[in-house]
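Number of protein chains: 2
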Amino acid sequence: MSRVYNFSAGPAVLPESVLKEAAAEMLEYKGTGMSVMEMSHRSKAYEEIIKTAEQDLRDLMNIPDNYKVLFLQGGASQQFAMIPMNLMKNKVADYIVTGQWAKKAYEEGKIYGKANCIASSADKTFSYIPDCSDLPISEDADYVYICENNTIYGTKFKTLPNTKGKTLVSDVSSCFLSEPVDVSKYGIIYGGVQKNIGPAGVVIVIIREDLITEDTLSGTPTMLKYKIHADNESLYNTPPAYGIYICGKVFKWLKEMGGLEKMKEHNEKKAAILYDFLDQSKMFKGTVVKEDRSLMNVPFVTGSDELDAKFIKEAKAAGFENLKGHRSVGGMRASIYNAMPIEGVKALVEFMGKFEAENSK
Amino acid sequence: MSRVYNFSAGPAVLPESVLKEAAAEMLEYKGTGMSVMEMSHRSKAYEEIIKTAEQDLRDLMNIPDNYKVLFLQGGASQQFAMIPMNLMKNKVADYIVTGQWAKKAYEEGKIYGKANCIASSADKTFSYIPDCSDLPISEDADYVYICENNTIYGTKFKTLPNTKGKTLVSDVSSCFLSEPVDVSKYGIIYGGVQKNIGPAGVVIVIIREDLITEDTLSGTPTMLKYKIHADNESLYNTPPAYGIYICGKVFKWLKEMGGLEKMKEHNEKKAAILYDFLDQSKMFKGTVVKEDRSLMNVPFVTGSDELDAKFIKEAKAAGFENLKGHRSVGGMRASIYNAMPIEGVKALVEFMGKFEAENSK
Ligand SMILES: Cc1ncc(COP(=O)(O)O)c(C=O)c1O
Ligand SMILES: Cc1ncc(COP(=O)(O)O)c(C=O)c1O
Ligand SMILES: [Mg+2]
Ligand SMILES: [Mg+2]
Ligand SMILES: [Mg+2]
Ligand SMILES: [Mg+2]
Chain A
214 MSRVYNFSAG PAVLPESVLK EAAAEMLEYK GTGMSVMEMS HRSKAYEEII
264 KTAEQDLRDL MNIPDNYKVL FLQGGASQQF AMIPMNLMKN KVADYIVTGQ
314 WAKKAYEEGK IYGKANCIAS SADKTFSYIP DCSDLPISED ADYVYICENN
364 TIYGTKFKTL PNTKGKTLVS DVSSCFLSEP VDVSKYGIIY GGVQKNIGPA
414 GVVIVIIRED LITEDTLSGT PTMLKYKIHA DNESLYNTPP AYGIYICGKV
464 FKWLKEMGGL EKMKEHNEKK AAILYDFLDQ SKMFKGTVVK EDRSLMNVPF
514 VTGSDELDAK FIKEAKAAGF ENLKGHRSVG GMRASIYNAM PIEGVKALVE
564 FMGKFEAENS K
Chain B
214 MSRVYNFSAG PAVLPESVLK EAAAEMLEYK GTGMSVMEMS HRSKAYEEII
264 KTAEQDLRDL MNIPDNYKVL FLQGGASQQF AMIPMNLMKN KVADYIVTGQ
314 WAKKAYEEGK IYGKANCIAS SADKTFSYIP DCSDLPISED ADYVYICENN
364 TIYGTKFKTL PNTKGKTLVS DVSSCFLSEP VDVSKYGIIY GGVQKNIGPA
414 GVVIVIIRED LITEDTLSGT PTMLKYKIHA DNESLYNTPP AYGIYICGKV
464 FKWLKEMGGL EKMKEHNEKK AAILYDFLDQ SKMFKGTVVK EDRSLMNVPF
514 VTGSDELDAK FIKEAKAAGF ENLKGHRSVG GMRASIYNAM PIEGVKALVE
564 FMGKFEAENS K
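Note that the protein sequences, when read in sequence, are chains A and B.
Residue numbering for the first sequence follows our numbering, starting at 214 and increasing by one per position.
Residue numbering for the second sequence follows our numbering, starting at 214 and increasing by one per position.
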C-alpha cells in the first residue's frame, strides 16, 4: 500500500514531511524522553511548542500586535455560539448567507439576539457570492458575519464585504493560510484547522483585542469566553496539545515553502489546471460562476447521476480518494488544499480526460 | 535519549505499545493510503475506528444499553457548564467539594441555578473525603455532583455518596478505567481522557438516556447539548478524530492487559509500593488520610521546602519527570496512571530511599 491522492474536504491531506516528523518523534520528542501526547501542558517543552506555533502563525499571516491568537476546542461549530455570546452587546448581528456553514452560524446567532440575513445566494444553490458592496448593514449591528470560503459549494469571497464600519467576523476554515490576508480588516478571523492546517480538534481564533471583554451575554460558560482563553494564553485548561503541535509543524512547512504569497501562486496554479480542464471538457463542468471560484474546493458534475457514480467509483479504484460531493449537493468535489501536491491535480485531470474519452460516444 | 519515567498528572504517560503502533500507522493507516489525521470523519474507515472504540469501552466498563457514550471536545472544564445547562430542570444542584476541580464545577453551576455545597473537605486542605452517608440532599436537586478522584490532592471516593435517589454526576478524569465501576449507579460519568486514556482534546461522557432531552436551559449553544451529540453518534460536527483513534488503541491495550479487574490489581500493587515506602520513611510522608488515598495520584512532602526542591531536581536529573506537586499545593506528587509500569514505581521508591539515606544525618 502507498499513499493515495486524498481530495477530502476535511479532515484532509497533510504534508507528508510533517507526518514523517511526527512519526519519528512519537516516542521521544527531542530531548524530553516522552511523546508530545504525554507532555504536561505546563511544561517548558510544551510551552516552547505552543509559543513557537503562535509566533510562526503571526509571521505567516503578519498578524498585528493588537490581535490575540487563541488555540481552542469545539471546532468551528462552537464558534457559531461563542461569537454572539462574546460580541453581541447590542444583540444585533448581520449575516451573509453563502452556504450551509454560514447558514448554521446565522441560525445559531438567532439564539442570542436579532440575527439578520442581509444577503444570500440560496436562490442559485449557493453557486455564487452576492454583491456585498452596498448591503443594508444594521445601524446597531455588533458585527457582520461571513463564511469566506464555502467548502461545500466551492465559492470564495474575492472582495470582502463593505461592512460600513462594522466589525467583520470571518470563518476561514477552508481557506486558512491558502493565501495572504490583511488581518487588520477583520475583528475575528477563525477556522477549524482540519482542512489546511492540522488534525481535527483545534480551532484557531485571531481576535482584535478590543473585542475581548468581560461583558459577555449572561449565561456564557466560562470555557466560551474569549477573555478566559486570552488571559491564559490558551492554557486556561488542558489544550488540544498534540493537535497544536502538528499545526506548528505545518506552519514551519509553510515557511519553508516560502510563505503565503508562494502558497497563493502554488494554489492558483493547481486550481487553474483543474478549472481549465473543466472549462474545455464536454463531459465535466464546474458548478460555480467563474469569478467566485474557490482555490480550495472545486465541485463539478457530469450532468448524469449514473456517470457521476461511475466516475467516483473508478477514480477511487485508481487511487483518487474522497471525490464524492457533499451529501447535501451530490456530484463531485475535489478539495485541493495547501498540502495537495500539484502532481495530484495533474494526475486527476489526466484521469478525468481518460474517463471522458472512454465514456463518450 | 531514551524514555523517562513520566509522573505527570495529565497529559500523562501512555502505553509504549500504543505509541509505537501510532507511529507505524502515521503515514498509512491499514489499507487506506492515508493517516488517520487526514481521514474524513464520514469515511467507512473512520466509522470503524470510532464504533470499535465505543464498543471496546462498553465492553471494558460493562456499560448498560440505556447509556450513551459521547466523544466530545472542550475538556472536562466544558462539562462544568454542559452538565447544568442540560440537567438543571429545577435549577438546583448539590455539589460535594473535595478539591479544586469540584470547586470549579460548583462555581460554574452557580451561573445556571442554585448550586449548593452540601459537603466539603476544604477545612483540611482537601486531604480527606467527607462522610457522605447522610448529607442534606436538596429536595428538588437535579443532580448530586462529585469529583471522584481528586487529581491535585490525591483523594478518592471509596464509597459513592448516598444521593437519596437523586442523579449522581461524577468527574472521573483522573481515575477513568483504573478499576471496575458500576455505571448503573451514575447518571453521568465523564472525564477528560488526557490522564488515563489518550491525548488531551477528547472528553468522554457516559450518560443515561433519560437525561438526554431537548429541554436544556435557554441560551444553551447547540454544541453544548448532549442530545445533538447523542443523536449524531458524536459526529454532529468534526470530532477530535485522531485523539479518539488513540483512545481506541488504549482500550485495546486494556483488554489485552486483562480488563479493569486486572488493572485494579495492578494499580493497587503499584500504589502499595509507594504508600508502603511513604509510611515507613522518616523523611517523606503522604498528605492524605489513609482510607481515602487515591491509586492514581500520590502527593507527598518532606516537610521542608528546600528538601522538596532538592528532591525534585535530583529526581529529574535521574530520569523521573514531573514530580513537582500542583502549583496550588507544592511538595511532590507522583501520578501513577494505568500506563505507568510497575518498574517506574519501583525505581522511584529506590531513588527516594537513596535520597533519604544521603540527606539524613
Ligand atoms: C467553512 C466551514 N465552517 C465550519 C465548519 C464546521 O467545522 P467543525 O466541524 O470543526 O465544527 C466546516 C466544516 O466542514 C466548514 O467547512
Ligand atoms: C479531576 C479533574 N477534573 C477536571 C479537570 C480539568 O480538565 P480539562 O483541562 O480537560 O478541562 C482536571 C484537569 O486536570 C482534573 O484533574
Ligand atoms: Mg459551505
Ligand atoms: Mg465543461
Ligand atoms: Mg483536585
Ligand atoms: Mg513517612
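By construction, these hints were calculated from the structure, which means they are not laboratory data.
Watch out, some of these pointers could steer you wrong.
Since the list gives no way to pick out one identical chain from another, each pair is judged satisfied if it fits inside one copy or across any two copies.
[Claimed, not checked] Listed next, the in silico EDC-like pairs over lysine to aspartate or glutamate satisfying Cα-Cα at most 20 Å (straight line):
id: 1; residue 1: LYS323; residue 2: ASP428
id: 2; residue 1: LYS498; residue 2: GLU519
id: 3; residue 1: LYS302; residue 2: ASP272
id: 4; residue 1: LYS495; residue 2: GLU352
Consistency of the hints with the structure:
{"no.": "1", "hint": "LYS323 with ASP428", "verdict": "both (19 Å within a copy, 18 Å between copies)"}
{"no.": "2", "hint": "LYS498 with GLU519", "verdict": "within (15 Å within a copy, 74 Å between copies)"}
{"no.": "3", "hint": "LYS302 with ASP272", "verdict": "neither (32 Å within a copy, 48 Å between copies)"}
{"no.": "4", "hint": "LYS495 with GLU352", "verdict": "neither (49 Å within a copy, 73 Å between copies)"}
Against the hints set out earlier in the document, violations occur for numbers 3, 4.
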